[in-house]
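Trainee: In case it helps, this note's numbering puts the sequence shown at residues -16 to 148.
Simulated from the structure, these hints should not be mistaken for laboratory data.
Among the hints, a few may not be true.
[Said to hold, decoys possible] Okay, derived cross-link-like pairs now, EDC-like style, lysine to aspartate or glutamate, Cα gap no bigger than 20 Å in a straight line: (1) K82 <-> D23; (2) K84 <-> D1; (3) K94 <-> D53.
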Amino acid sequence: MSDDSVSINDISVGDLGDAVVVIAVDKSKQSEDAFDKYLDNLYRPDHQVVLVNVPQEPTTHTCRGAHLRDSDWQKMERREKEDTSKIVGTFSAKCKQRKLKANYKTLYGGKPEEVIVEAAAQLQAMLLVVGCHERGVIRRTIQGSVSDYVLKNAKTSVFVCRGAH
């Protein structure tokens, strides 16, 4: 499994075939649970699995006239790259353990929920798999929910996997 870091505009169907399944992955336990539940319950050998990670772009709260030092920005970028490498490592190991050949895409260029939906559309996925963070009502209302957005906006079938209780 190779890490292809690309912009959402660069993603294409290529030779993936008809049964494309996009699995949204991040560094959360819920993401791993969704991956495992998909493989345990829905996976078929003709599925072409594409793991999609959309790193949260660093956000800075600056006020007028304030700025972030280059060294601080570089630290944030380095941390994001380290997190992405860990995610690739985690899911590469899971794929190897399960003898699954999968494609991996790290996509940049927007809010994770929007990029995930767009990637599934561009890849003509027959199924989109996402984990669900068990956030409270207030936090979900303020921050929004990736799984809620995906469920409402994806043009394909969606499998939302709730974490183990």
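Trainee: A separate judgement is required for each hint: does it hold in the structure or not?
Mentor: Quick rundown of the hints versus the structure:
The straight-line distance between the Cα atoms of K82 and D23 is roughly 13 Å, inside the 20 Å bound, and the hint therefore holds. Taking the CA atoms of K84 and D1, the gap is about 16 Å. The hint holds against a cut of 20 Å. For the proposed pair K94 and D53, the alpha carbon gap of about 24 Å is over 20 Å, so the pair is violated.
The structure fails hint 3 only (numbered hints given earlier).
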